[in-house]
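There are 2 protein chains.
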Amino acid sequence: RKESFKVDHFGFDVNLTFKQRYLVANQYWKKENGVILFYTGNEGDITWFCKNTGFMWDVAEELKAMLVFAEHRYYGESLPFGNLSFTDSKHLNYLTSEQALADFAILIESLKKNIPGARNSPVIAIGGSYGGMLAAWFRMKYPHIVIGALAASAPIWQFMDLVPCGKFFEIVTNDFKEVAPTVQKPSRWISEAFHLCNPLRSQTDIIVLKSWLAETWVNLAMVDYPYSSDFLMPLPAWPIKEVCKYLTDPNESDKVLIQNLSQAVNIYYNYSGEANCLNTSQTATSNLGIQGWSYQACTEMVMPICTTGISDMFEPQEWDFAAYSDQCFLEWGVRPRPLWIPTVFGGKNISSHSNIIFSNGALDPWYAGGVNENITDNLVSIVIPDGAHHLDLRARNIDDPQSVLFARAKEVEYMKKWIEQFNGHH
Amino acid sequence: RKESFKVDHFGFDVNLTFKQRYLVANQYWKKENGVILFYTGNEGDITWFCKNTGFMWDVAEELKAMLVFAEHRYYGESLPFGNLSFTDSKHLNYLTSEQALADFAILIESLKKNIPGARNSPVIAIGGSYGGMLAAWFRMKYPHIVIGALAASAPIWQFMDLVPCGKFFEIVTNDFKEVAPTVQKPSRWISEAFHLCNPLRSQTDIIVLKSWLAETWVNLAMVDYPYSSDFLMPLPAWPIKEVCKYLTDPNESDKVLIQNLSQAVNIYYNYSGEANCLNTSQTATSNLGIQGWSYQACTEMVMPICTTGISDMFEPQEWDFAAYSDQCFLEWGVRPRPLWIPTVFGGKNISSHSNIIFSNGALDPWYAGGVNENITDNLVSIVIPDGAHHLDLRARNIDDPQSVLFARAKEVEYMKKWIEQFNGHH
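Protein chains in written order, with the numbering used here: chain H, 1 to 426; chain A, 1001 to 1426.
Any given hint could turn out to be false.
[Stated by the list, open to error] In the EDC-like style, the derived pairs of lysine to aspartate or glutamate whose C-alpha atoms are separated by at most 20 Å in a straight line are:
#1 H:K167 x H:D320
#2 A:K1090 x H:D88
#3 A:K1112 x H:D161
[As the list claims (entries may be wrong)] For each label pair, taking beta carbons as the anchor points, the in silico distance ranges come out as:
#4 A:I1398 x H:E420: 32 to 40 Å
#5 A:N1397 x H:K348: 39 to 47 Å
#6 A:P1116 x H:N120: 45 to 53 Å
#7 A:G1424 x H:K30: 38 to 46 Å
#8 H:P164 x A:A1025: 33 to 41 Å
#9 A:Q1282 x H:K30: 43 to 51 Å
#10 H:S294 x A:P1116: 37 to 45 Å
#11 H:K348 x A:A1180: 53 to 61 Å
#12 H:N279 x A:Q1327: 53 to 61 Å
#13 H:R396 x A:L1339: 35 to 43 Å
Simulated from the structure, these hints should not be mistaken for lab results. Just so you know, even glycine gets a beta-carbon here, dropped at the ideal spot from N, CA and C.
Pulled out of the complex, with its shape left as it was, chain H reads as follows:
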């Protein structure tokens, strides 16, 4: 379904509207004021998030819940200016988290008004990754609209100096170390050409290749799920273990090392066996909106990340905001504001809020920027030691580790408590 929204909620000069897409499933819904689970869409096609958030479908019956999946503006089919949406900073001006939260608020008010029986329904926000940040922020800024939020793998503290910038890649490194202790500095092995769609032509291409490889290891750490899955890419169970089978001996010749590396990378990029060559310009599913996220990273979503080469397996790279900002200006004509997100959403000072679950998988590099300790009785953390990126939001699976089953049970328990609290007041 689609609904019309103001392109600019925070100004009155631009009076345009656009169509925001959202999906509704209400077969399990208890008609009179039953709960609504509201997925706060993130940087991609909402149908893809819908398919990859089996948790909501799994609990719908127990909670007698209506499911709503709302697409984030500038992603999927919710493009404020159609094909022109990404042409320049003028058209991109309305791509911010605050605008997206306002869209969600207005959508919920509209659903409650228009769906018979939904008028007094409690609403719980659920999201993963950036969508998890949005779920948490939504509860913080619009507590009158959602009674609580499940923020899965939401690195709300990966800003400014709230957490050390090096932790992210340390986690990636640990994920590899655990299955293959001899894996060391794979980037060192890459000194010459690689099996690629577009052969390397310059020094720049090699830099691109290296960062493509680094991103590959990050993505593997994110989706190191205990069963065969297809989130960022189609992959086997515990893909890091599979990848590391090819990275056992760092003492081989360079040529053999490169061949091994190529096979390792193939696990990630070509598990289906359908790719003829590897394309360094894409590291994950095209359901993610690369352009939109690149712009967001260049404006609000400035998340400092660095490597030392000592506590991690990567080449050392400091966090260089000036260079980052220059690159953003070159690419999008805008300068990032790295202080804004902590200013507007509270940074580490969030204890006056309530009813938010922060869940994080310890295998997930984004764990580094997450909330991993209880802040108050109703601002709680759930850590899933053998979980990757928001494993808890995925559909139940026979190979789920005990820790994620426990996490999901806890999450449902909290949600039931919020609903009871809400019903007690109404």
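Fit chain A to the supplied structure of chain H, relying on the hints for placement.
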């Protein structure tokens, strides 16, 4: 002092800055992390609000507080585009409550960083009228920045249908009834020319005259203070009583009635005796920014008000949003969004917030849209039965009624509690 701010906190295309003015008094401040009382400036010159908020000066010593008065963008000297600020809807696009709150947030962060000893100071927001709304909303949206808020005479519920639109003028009527029970429908008396700077020429002029008179009664109700004061105008103590001395007998001839009315109105417009004639285009001090507020009323600040002619002393006038919106479009080229303020700030659903005092004077017409019952233990109401518009924020005076002394004492008590709570956590 002045500080540079982004013109647009919610978008990255317009990268302009402007100078925001603020005033600081720190002679009573306890240097190491003493409290900061932060006045959230409203629709006027900040020096004028500073002079009319004696309460903050009166409590500064007891609380060992630094006082900061921040000017609201588009008022006083804080004009984002200088003389061009009000030229069209493009230049006015950044005049919203959300932008103003973001200015305040960033200003406080900057003060804490730059004033030695202020780094960990707790901050309390204080404001009256629209400034009171901002103080309350500031605590709701930025609880990590202010530990609490005193929202004096803040009609945060004078939106949509949250309160009956007729209550406002009923209060005005009651204020007059109490001192002169025979005053009835003064607007009826006004059927012909009046003593004015610009003589009446058309039917429209008579409509303007009538609404000018109605606004005069409203303003009198707002500033019906127990002592001689100069807020909207220089006035005697209990000005409504003075005005009503001329409005005793509705059975006089039309001519005598008009003469009496003219004398009554003179109490408000010419108490100083310096005006040669009365100007219907101005009803209060020029320290208020009429243009800015007119625009805000035509965008976010849509506050339905109506009269019945039965429960009040005015000619019946329904709340006609369509006409209101058309008038706004004519004047400013924008359409108001009457649902937005309740959507973004919670309407009546604000119980999950904390540490806000809503104080209201029962003589004040804006009492109608105020919070006049405790919502929770730390979202509290203080009603001042014989208080007009934010009397509690004014400097102490020998003629202060007992009720306002009690209110101020309570307010200080709450603030001390918040400070203690804050110090307990740090």
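Hint compliance check: list the failing hint numbers for this structure, sorted ascending. 4, 9
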